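Q: Put together the whole structure using the sequences plus the hints.
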Amino acid sequence: EAQVTQNPRYLITVTGKKLTVTCSQNMNHEYMSWYRQDPGLGLRQIYYSMNVEVTDKGDVPEGYKVSRKEKRNFPLILESPSPNQTSLYFCASSSAGGGQPQHFGDGTRLSIL
Amino acid sequence: AQSVTQLDSHVSVSEGTPVLLRCNYSSSYSPSLFWYVQHPNKGLQLLLKYTSAATLVKGINGFEAEFKKSETSFHLTKPSAHMSDAAEYFCVVSASSNTGKLIFGQGTTLQVKP
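From first to last, the protein sequence lines are chains F and A.
The numbers in the numbering used here rise by one with no breaks, and the one at position 78 of the first sequence is 78.
The numbers in the numbering used here rise by one with no breaks, and the one at position 67 of the second sequence is 67.
These are calculated hints, taken from the structure and not from any lab test.
This structure is a prediction, so every number in the text was calculated from the model and none was measured.
Note that CB positions come from ideal geometry on N, CA and C, so glycine has one too.
No false leads were mixed into what you were given.
Pair ranges (Cβ atoms, derived):
#, chain 1, residue 1, chain 2, residue 2, range
1, F, 10, A, 61, 26 to 34 Å
2, A, 106, F, 12, 21 to 29 Å
3, A, 84, F, 39, 18 to 26 Å
4, A, 52, F, 70, 28 to 36 Å
5, A, 55, F, 11, 40 to 48 Å
6, F, 12, A, 77, 37 to 45 Å
7, F, 83, A, 69, 38 to 46 Å
A few chain A residues facing chain F, derived, Cβ under 7 Å:
#, residue
8, 42
9, 49
10, 107
A: Put into structure tokens, the structure is as follows:
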């Protein structure tokens, strides 16, 4: 089954404690992306990757890091989480090129206390 | 630059009545447009997409959308609402013609009353 898998689904942690949210896709997609969803703001892109070892900032990259060492994985790293990063996070993937629909994971709800 | 505006943050209909969710877009080139649905505690699921073929696009679960270039609109419709349609809906435009970047509207919550 084609899917994007995120882990963990839920996490409560404290300010400053480094955390990683993993994302894996099994569709051999070149493009992967991370979004955060906040009430009234829709989804905003954090980082994206066009292919292995190619990453770039989205609209709200501050406080986040990513890496793309393998095609299937695209982890999101919060080196020093802060309360304003409390949000619902989605990973997505698609085939290369514009106009392709993205496949989304089920989301990770992060609470930073 | 590309942008998308969903004109209603909340729409309430009765079961069995038509659904209309409104979306306007702005694009400097011929855009790709999508509608996604998000059920509670779930990721986003693609309902339908427009990529410059037919202007009337049919999607899953009886939804369809019409691309109107003159009005820069891409409204989502369904003839008869079902209780299971209650969810949040996002209108999305591709940010460029050669990357995967998408721009999301703020979302419309659809409530379906029995």
